[in-house]
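From just these sequences and the hints, can you work out the full model?
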Amino acid sequence: MAAAPTINGTELPTPQDEVLRHYEEFKAQRINPQGASQYIELENAPNERFEALAEDPWVDHATINAQKPTLKDGNELKIIILGAGYGGLIYGARLVEAGFPAEDIRLIDNAGGFGGTWYWNRYPGLMCDVESYLYAPLLEETNFMPKHKYSYGPELRDQAERIAQKYGLVGFFRSNVESATWDDETKRWDIKLEENRGPGQEKVKLTVRAQFLLSANGFLNHPKVPNVSGLEEFEGTMFHTARWNYEATGGSPENQTLDRLKDKRVGIIGTGATGIQVTPQLARWAKELYVFQRTPSSVDVRGQRETDLNEWKQKIATHKGWQHDRCDNFLRWSVGQGEGEDLVNDGWTHATSYIGFMGAPHTKPVQPEEVPSHINRLLAIDEQIAKDKRQRIADIVKDPNTAKALTPWYPTWCKRPCFHDDYLPTFNLSHVHLVDTLPNGIERGTKNGLVVNGKEYPLDVLVFSTGYRAPSKDQLEPGSVANMSFIGRDALTMSDKWHTKGASTLHSIQSHSFPNLFLGGYVQIGNGQHATYIMDLKAQHIAYTLSEAHKRVKDTSKLTLEATEEAEDAWSEEIARHATWFAAYSICTPGFSTNEGEDLKPLPPQEALRKARAAPHAQGLIYFKDVLKRWREAGTLEGLTISES
Numbered sequence: 001m002a003a004a005p006t007i008n009g010t011e012l013p014t015p016q017d018e019v020l021r022h023y024e025e026f027k028a029q030r031i032n033p034q035g036a037s038q039y040i041e042l043e044n045a046p047n048e049r050f051e052a053l054a055e056d057p058w059v060d061h062a063t064i065n066a067q068k069p070t071l072k073d074g075n076e077l078k079i080i081i082l083g084a085g086y087g088g089l090i091y092g093a094r095l096v097e098a099g100f101p102a103e104d105i106r107l108i109d110n111a112g113g114f115g116g117t118w119y120w121n122r123y124p125g126l127m128c129d130v131e132s133y134l135y136a137p138l139l140e141e142t143n144f145m146p147k148h149k150y151s152y153g154p155e156l157r158d159q160a161e162r163i164a165q166k167y168g169l170v171g172f173f174r175s176n177v178e179s180a181t182w183d184d185e186t187k188r189w190d191i192k193l194e195e196n197r198g199p200g201q202e203k204v205k206l207t208v209r210a211q212f213l214l215s216a217n218g219f220l221n222h223p224k225v226p227n228v229s230g231l232e233e234f235e236g237t238m239f240h241t242a243r244w245n246y247e248a249t250g251g252s253p254e255n256q257t258l259d260r261l262k263d264k265r266v267g268i269i270g271t272g273a274t275g276i277q278v279t280p281q282l283a284r285w286a287k288e289l290y291v292f293q294r295t296p297s298s299v300d301v302r303g304q305r306e307t308d309l310n311e312w313k314q315k316i317a318t319h320k321g322w323q324h325d326r327c328d329n330f331l332r333w334s335v336g337q338g339e340g341e342d343l344v345n346d347g348w349t350h351a352t353s354y355i356g357f358m359g360a361p362h363t364k365p366v367q368p369e370e371v372p373s374h375i376n377r378l379l380a381i382d383e384q385i386a387k388d389k390r391q392r393i394a395d396i397v398k399d400p401n402t403a404k405a406l407t408p409w410y411p412t413w414c415k416r417p418c419f420h421d422d423y424l425p426t427f428n429l430s431h432v433h434l435v436d437t438l439p440n441g442i443e444r445g446t447k448n449g450l451v452v453n454g455k456e457y458p459l460d461v462l463v464f465s466t467g468y469r470a471p472s473k474d475q476l477e478p479g480s481v482a483n484m485s486f487i488g489r490d491a492l493t494m495s496d497k498w499h500t501k502g503a504s505t506l507h508s509i510q511s512h513s514f515p516n517l518f519l520g521g522y523v524q525i526g527n528g529q530h531a532t533y534i535m536d537l538k539a540q541h542i543a544y545t546l547s548e549a550h551k552r553v554k555d556t557s558k559l560t561l562e563a564t565e566e567a568e569d570a571w572s573e574e575i576a577r578h579a580t581w582f583a584a585y586s587i588c589t590p591g592f593s594t595n596e597g598e599d600l601k602p603l604p605p606q607e608a609l610r611k612a613r614a615a616p617h618a619q620g621l622i623y624f625k626d627v628l629k630r631w632r633e634a635g636t637l638e639g640l641t642i643s644e645s
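Numbering-wise, the UniProt record's numbering puts 333 at position 333 of the sequence shown, and it's gapless, one number per residue.
Since the hints were made in silico from the structure, they are not lab data.
Remember, predicted model here, so these are calculated numbers, not experimental data.
Any given hint might turn out to be false.
Once the Cα atoms are required to be at most 20 Å apart in a straight line, the calculated DMTMM-like pairs of lysine to aspartate or glutamate come out as [claimed, not checked]:
no.: 1; residue 1: K149; residue 2: E341
no.: 2; residue 1: K497; residue 2: E573
no.: 3; residue 1: K501; residue 2: D474
no.: 4; residue 1: K27; residue 2: D17
Written as structure tokens, this is what we have:
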């Protein structure tokens, strides 16, 4: 008889059939045959009104146009980084620390400044959902103490500027990169981009060159809205949370007094990680608030509090390398392998069943015949976690019908867990109305509002909290993620390589036939809850690799680094062998993590194998970190071809 599964030494229960029936019914109710096409991306919108919703509300074109340009047509740089959010800044900072002068580095971004996600998102209530002592990058290096355990948006945006200033990093903003093409004669990347200089100004096309190119595009950068007929006819004000309209609501990112909503009927579509934060703020000011929900989020205690200076000095920032050590402690407790004190001790470190999403260290790949028992073990880990969250709703929300509609019936790993102290109590307010869009979703828009289940809801303001393009679209092909083309040796596009062979990298960082290109994204990584730790692990690895390679050639201006085909195949095949771990998604509701269910569709064997290469490494981030560390310690740059010819 097999031993009962355990985690952190605790024996786990057997999942109940009743719970599984709930999960299956909940999933079936939310399957939309349109899949990902039930949304449209604002940047590819079919009408001018939606297209306008993607415009940058924060950029100061006049000021930037008056400044000396930081890039001109024909310029050549040592290193160009695509992206000026936290990822690009972390990569730039680690390169500067490794000895590459900041003046030889340029960051290119379509935003009007540094910050990435934290540049675009300035909605009321915005905060990081992972502890800021972990999440805010380079706290030790910038000697900065966050004001709260979970930083608010303005502080996170300020940290981006602080990093850029400390390391002397320079950005070239308002620019969309169209393509990057490898020139095998000059050993340079030719990068074509278009600069938007503002209303009434012609866009400027440039071509710049770089010896080394680093792609640092995030995945929360292509906002989408429901593909519902009639929405464009709405005569009120509408906007996406990633382009908040304070002209309509009143207030500002720093002063969130939404006093222009006092006499307004406000609708918000979406109850994911953003909606959880926005809804309580809207409820404080709106005359009436209608929250349109398809799938409820699980919402646990946040426990927000101000940072105590004495605690910071005596227990947190106590030694060199403290932030990295805290991240490691957080990660190990989150996957059920914690030792010593749980330093963060919050909802994330208690949600150990999230390993269904992240992966976790295990002795051998899950075999197809083992999938049912694998899912059962994850469900056993999750049973009490999910039960407690459902009970919390029943304890807080007074109206039983509203509480029932807010109750999530799916495993924790299916949808990013949320943490907020004010969200659930908001639904006890008499002017806040939850609109469950089952079974047909939002039927249509009208000039007055939205129609759900045959009933029109009149609105003055409509907020889209509907998220972004799913990261798994096109199997995380780096060009697709960035809305551009990477063209390598012999005119091979990254897109063609991905769609012919499948995702192909060495350690998520380099790909054969694309010399001197470093991938800063999330394909073939070990996964985790907070992106900045992943970025920093890769940034330090890239900085080491480039620095070490420079030591091994005489003429560094001719240096090229490229992953061998054998090395990237070995890593990609290892990824694919372990990908069966993520069969646990088969019982999940459609959503962001599964590209609205597209990722759950059955595929022919060869296509399924190709798709498996794009999975995260199921051994998780602990394993991934150790792989990179052992590779560096070996000192041989194994799997790379280094040349100066």
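Hint by hint, here is what the structure shows:
Proposed proximity of K149 and E341 is supported: the alpha carbons are some 18 Å apart, at most 20 Å. Note on K497 and E573: the hinted pairing holds, with a Cα-Cα distance of about 15 Å set against a maximum of 20 Å. Our distance criterion of 20 Å between C-alpha atoms is met by K501 and D474, whose separation comes to about 13 Å. Among the hinted pairs, K27 with D17 is consistent with the structure: their alpha-carbon atoms are about 15 Å apart, no more than 20 Å.
The structure shown violates none of the earlier numbered hints.
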